[in-house]
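In case it helps, this note's numbering puts the sequence shown at residues 197 to 291.
Check before you lean on any hint, since a few could be wrong.
Calculated pairs, DMTMM-like style, for lysine to aspartate or glutamate (alpha carbon to alpha carbon, straight line, at most 25 Å) [unchecked claim]:
| no. | residue 1 | residue 2 |
| --- | --- | --- |
| 1 | K227 | E289 |
| 2 | K199 | D284 |
| 3 | K199 | D257 |
| 4 | K227 | D284 |
| 5 | K227 | E243 |
Simulated restraints, written as ranges between beta carbons of each label pair [as the list claims (entries may be wrong)]:
| no. | residue 1 | residue 2 | range |
| --- | --- | --- | --- |
| 6 | Q272 | E243 | 33 to 43 Å |
| 7 | E240 | A275 | 16 to 26 Å |
| 8 | G244 | P223 | 25 to 35 Å |
| 9 | A268 | R209 | 21 to 31 Å |
Read the hints as simulated data drawn from the structure, not as lab findings.
Positions of the beta carbon are idealized from the N, C-alpha and C atoms, including for glycine.
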Amino acid sequence: MTKAYWIVRVSVRNPAEYPAYLTAARPAFEKFGARFLVRGGPFECMEGSARERNVVVEFADMATAQACYQSAEYQQARAIRQQHADTDFIIAEGA
């Protein structure tokens, strides 16, 4: 099975409220075995545009990555995230 990844670039508009998203998303991450490979931290934009925060989350496979995103647990958290941040969000299959 080929692993799959959430690749998310985030610009937080409301830093005081953004942690509510992380708290709300935790049950989905635990349920679907999400493994965070990159979660914020320093970076250097070599080409193109960047957002202030980069996240890469590993899942067992594409079906699991998609199921996590589409789950009721994550959709509730997503609504919170959308209130407090702008994101570019893709799900990609690994090599």
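Against the structure, the hints:
{"no.": "1", "hint": "K227 / E289", "in the structure": "holds (20 Å)"}
{"no.": "2", "hint": "K199 / D284", "in the structure": "holds (20 Å)"}
{"no.": "3", "hint": "K199 / D257", "in the structure": "holds (4 Å)"}
{"no.": "4", "hint": "K227 / D284", "in the structure": "holds (23 Å)"}
{"no.": "5", "hint": "K227 / E243", "in the structure": "violated (35 Å)"}
{"no.": "6", "hint": "Q272 / E243: 33 to 43 Å", "in the structure": "holds (35 Å)"}
{"no.": "7", "hint": "E240 / A275: 16 to 26 Å", "in the structure": "violated (32 Å)"}
{"no.": "8", "hint": "G244 / P223: 25 to 35 Å", "in the structure": "holds (34 Å)"}
{"no.": "9", "hint": "A268 / R209: 21 to 31 Å", "in the structure": "holds (25 Å)"}
Hints 5, 7 from the earlier list are contradicted by this structure; the remaining hints agree with it.
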